[in-house]
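Taken in sequence, the protein lines are chains G and V. Residue numbers for the first sequence follow this note's numbering, beginning at 1 and rising by one. Residue numbers for the second sequence follow this note's numbering, beginning at 129 and rising by one.
Read the hints as simulated data drawn from the structure, not as lab findings. Among the clues, some could well be false.
[Unchecked claim] Sample of chain G residues at the chain V side, in silico, Cβ under 8 Å:
| no. | residue |
| --- | --- |
| 1 | 38 |
| 2 | 39 |
| 3 | 62 |
A virtual CB, placed ideally from N, CA and C, is assigned to each residue, including glycine.
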Amino acid sequence: MNQGYSKKVLEYFLNPKNLGEVKNPDGVGRAGNPVCGDVMEVQIKVREGKISDIKFKTFGCAAAIASSNVLAEIVKNKPLENAREATYKEVLKELGDLPPLKHHCAILAVQCLKKAIEDYEEKLQRNN
Amino acid sequence: MRKIYFDNAASTRVDERVIRAMEPYFGSKYGNASSIHGFGREAKEAIENARKIIAKRIGARAREIIFTSGGTEGNNFVLKGLFFSNYPRKNHIITSKIEHDCILNACKWLESLGARVTYLDVDKEGFIDLEQLEKAINERTFLVSIMQANNEVGTIQNLKAIGEICKKRGVLFHTDACQSFTKVPLDVNKMNLDLVTLNSHKIHGPKGVGAVYIREGIKITPLLHGGGHEKGLRSGTENVSGIVGFGKAVEISSRKDVEKMEKLRDILIEGILKIPNVKLNGPKGEKRLCNNVNVCFNDIEGESIGGYLESKGIFVSTGSACASHTLASSHVLRAMGLSPQQINSSIRISISRYTSEEEVRYFLKVLPKIVKKLRRFSALR
Ligand SMILES: Cc1ncc(COP(=O)(O)O)c(C=O)c1O
Ligand code: FES
Numbered sequence: 001m002n003q004g005y006s007k008k009v010l011e012y013f014l015n016p017k018n019l020g021e022v023k024n025p026d027g028v029g030r031a032g033n034p035v036c037g038d039v040m041e042v043q044i045k046v047r048e049g050k051i052s053d054i055k056f057k058t059f060g061c062a063a064a065i066a067s068s069n070v071l072a073e074i075v076k077n078k079p080l081e082n083a084r085e086a087t088y089k090e091v092l093k094e095l096g097d098l099p100p101l102k103h104h105c106a107i108l109a110v111q112c113l114k115k116a117i118e119d120y121e122e123k124l125q126r127n128n
Numbered sequence: 129m130r131k132i133y134f135d136n137a138a139s140t141r142v143d144e145r146v147i148r149a150m151e152p153y154f155g156s157k158y159g160n161a162s163s164i165h166g167f168g169r170e171a172k173e174a175i176e177n178a179r180k181i182i183a184k185r186i187g188a189r190a191r192e193i194i195f196t197s198g199g200t201e202g203n204n205f206v207l208k209g210l211f212f213s214n215y216p217r218k219n220h221i222i223t224s225k226i227e228h229d230c231i232l233n234a235c236k237w238l239e240s241l242g243a244r245v246t247y248l249d250v251d252k253e254g255f256i257d258l259e260q261l262e263k264a265i266n267e268r269t270f271l272v273s274i275m276q277a278n279n280e281v282g283t284i285q286n287l288k289a290i291g292e293i294c295k296k297r298g299v300l301f302h303t304d305a306c307q308s309f310t311k312v313p314l315d316v317n318k319m320n321l322d323l324v325t326l327n328s329h330k331i332h333g334p335k336g337v338g339a340v341y342i343r344e345g346i347k348i349t350p351l352l353h354g355g356g357h358e359k360g361l362r363s364g365t366e367n368v369s370g371i372v373g374f375g376k377a378v379e380i381s382s383r384k385d386v387e388k389m390e391k392l393r394d395i396l397i398e399g400i401l402k403i404p405n406v407k408l409n410g411p412k413g414e415k416r417l418c419n420n421v422n423v424c425f426n427d428i429e430g431e432s433i434g435g436y437l438e439s440k441g442i443f444v445s446t447g448s449a450c451a452s453h454t455l456a457s458s459h460v461l462r463a464m465g466l467s468p469q470q471i472n473s474s475i476r477i478s479i480s481r482y483t484s485e486e487e488v489r490y491f492l493k494v495l496p497k498i499v500k501k502l503r504r505f506s507a508l509r
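Next up, chain V with everything else stripped away, as it sits in the complex (with noise of 0.2 Å):
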């Protein structure tokens, strides 16, 4: 059976250029960076030219970027590594609710070491209010993260607007871009951002290698003590080979993808609100990540729905408790405002530039046929 992969939000398949650009730093081409002969000059250079690559895509200069293993470890060194440095003059941290849980669970750790955090609450689109923002901050506050697109609703924040109100108070700003990042656009100076996480396996790009913008003059604490790597910032042997994926990756990603991914995306919108009693989680429109659909189906559970998707090939997520490792339903879903049952009752249909107009099609046709043949013997009917 054909497999359609619709789950491109936790991760996606890596590009055959990406691939052919990684291979020669396996087998031939193997050296250290940080030594001074041929070899690690060689590694050397094919992680400067990434860095540019990344630099200039957000308008930062390669000196600003610093690698690390992926979105994980940059939000936890942004979080940790500022605290660190700030703390106790300043202890106070704004996000939202719906950031990502290696974002809330480095907060959550920080305040058992004496942070204070805020969490903003979001609209029933996800929309932080700006508002609520402002006047949260105070004179012990020293950074304010927000994701710039989530990723299970897709809502894209309004990061000019946060900026501003960034650089007026005086406290530096982080967003996590790792849904973002190639998709829409991000300038550091345009956006005030003081800190940006990215990460490389959301853009057909290698597992494992992400970076940070960390803008000059910002005084963090490594997590990573050692040789000294990456201005001392993150200690460890580099990656070669995932950074030049995760390089090659960045250059490859161009505008006509995301003018695909967003028709597509409107496609499989129309198509789902056409099943009665469908309600879509989060923004239409340009606010809407382009590759990123939600949908709650009411009355059917979301781990049912995909068990059965996945019998017809269509492989989904959901952010229903019954699919979770611990049986707790999406956070994201629940600061929207969502009941616990239509949360579980919503999946997510994540594409890519891979997705063909075809599959879409195909889901579409599927699709109706399950909620109906599900819903017929749901106990909430």
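This is chain G alone, in the form it adopts within the complex (with noise of 0.2 Å):
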């Protein structure tokens, strides 16, 4: 494509595993950039304090949807707490980068995780 993207960005926007919805997630997150326009929504399932399982539903580019996905990969069964710490720069080194210009879709991935999370926490609060 047009935009410099690496083989691996490609791998993971044209066969995306984690895109999708979860069954009664227990935590929701939306974000979405003023600049471009596009959205993210991101569904997380937790047990034991772990993320158990998690899709996102993307309205953007080939770095968005790329994005999405292997941070989705990166915090699969891993603690609410470390999951939270994950951060934009983890996500473009596991895609071989990103045209500076794209930085920000995947800045918009993890914005909208930290939104799930703090929505979990949330209605937990509320139900204790």
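With the hints as a guide, bring the two chains together.
Here is the structure:
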């Protein structure tokens, strides 16, 4: 593609495994980028303090789709406190970098996940 | 994997006959057209032949055609050249919100020098409003510049009607015909056109060459000063091979090509609109450029659609912010009233005389699957 994407980005983009919905999610996060107009939503399932399932829904470019996929892979089966610390740099590293103009796509994925974790914790508190 | 090129509004494959016509002007007929010896005369003749062909195609006289380096230069020359020859007595330009960037950015720059510019609105199909145009003309207006066909959505403006208004009100009329040249009839007299911008690489000619038509008697300041080429309006040794190629490309373009493209365009539109929740951007039928299709897929993003299509060997273009170098979305679709999300969900498919029905059918076979897949995981659903 014209954007100078790495092979890995293209592979995640064309064969996304972590896109869709999880059943009865425990936390949901939504984030949008006002500049490019794109939107992501992530749903997580939490078991014993770990993210047991995670799926993104992405309205965005190839970099956004690839980033959300990779982030899901990075944090799957990780304890929440670790998942919360995931950074867009890790996403970039796993993807073999993105063009500078597309770094915000990875940032969007990370923001989205943070919101889902917050959502989960808020729900937890309310139920206690 | 085979490649299906559906981005002919961006540029086209150079026709074999054009390449053959150009070839001698590299290795053997390489003279400078200004030289008075045989090599020079040979080059000069070739240029004048191309000039005649191009002039004839738009109902102009050969001496009213000036060769340039392409559409961008042509449009810059017209706007700036006329501004410099009219300012400060007159300073007002009327154009539209859907012009090519080379018009809009030249206008913006001229505004910083004291020009006043009116950017006409367009309706949801991309047509300007003739009443708004007429009302915008004032005693300081020197130019109306409206493109003949839009590069993104293929809307063809009514140049005849615009020309009548300009003539009645005594202002110059320019059109950027880069997308429409040889595809839509253009007659400088019937349409009262004073200036026209043309280029070669959209019609299976080489890149980096174009022409402007300037009605005889119009005063315009050159952008390039030098040895006085092109009647002193555009100095610089002529791009002989490019000009020859441009002339050949015009010569071999035909009405038959247009009819073929129209037919394939309509198969494409009909096929794409069978997908649920898809909308055509721009008009249908004869007011649409024969090679343009632009559709909004709702809920999925243009760059992604383009990426999936590319993985199937199909090359299209998108107005999506994500796919642009600046994350700015299409100003054309915006002016037509599309929401940012609709703009980001739109792609352009532009065909050429080389496009086959089989390619169109293949595209229509793979597209619905891609749309379905991307919609399944869209955050907007
Ligand atoms: C409508 C229009 N005007 C101007 C241009 C610029 O022409 P060029 O690429 O020859 O500079 C283009 C194409 O890019 C165009 O589509
Ligand atoms: S999400 Fe819009 S550019 Fe990537």
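Results of checking the hints against the structure:
1. 38: 7 Å, holds
2. 39: 4 Å, holds
3. 62: Residue 62(G) check passes; min Cβ-Cβ to chain V is 5 Å, inside 8 Å.
Going down the numbered hints, you'll see the structure goes against none, and every one checks out.
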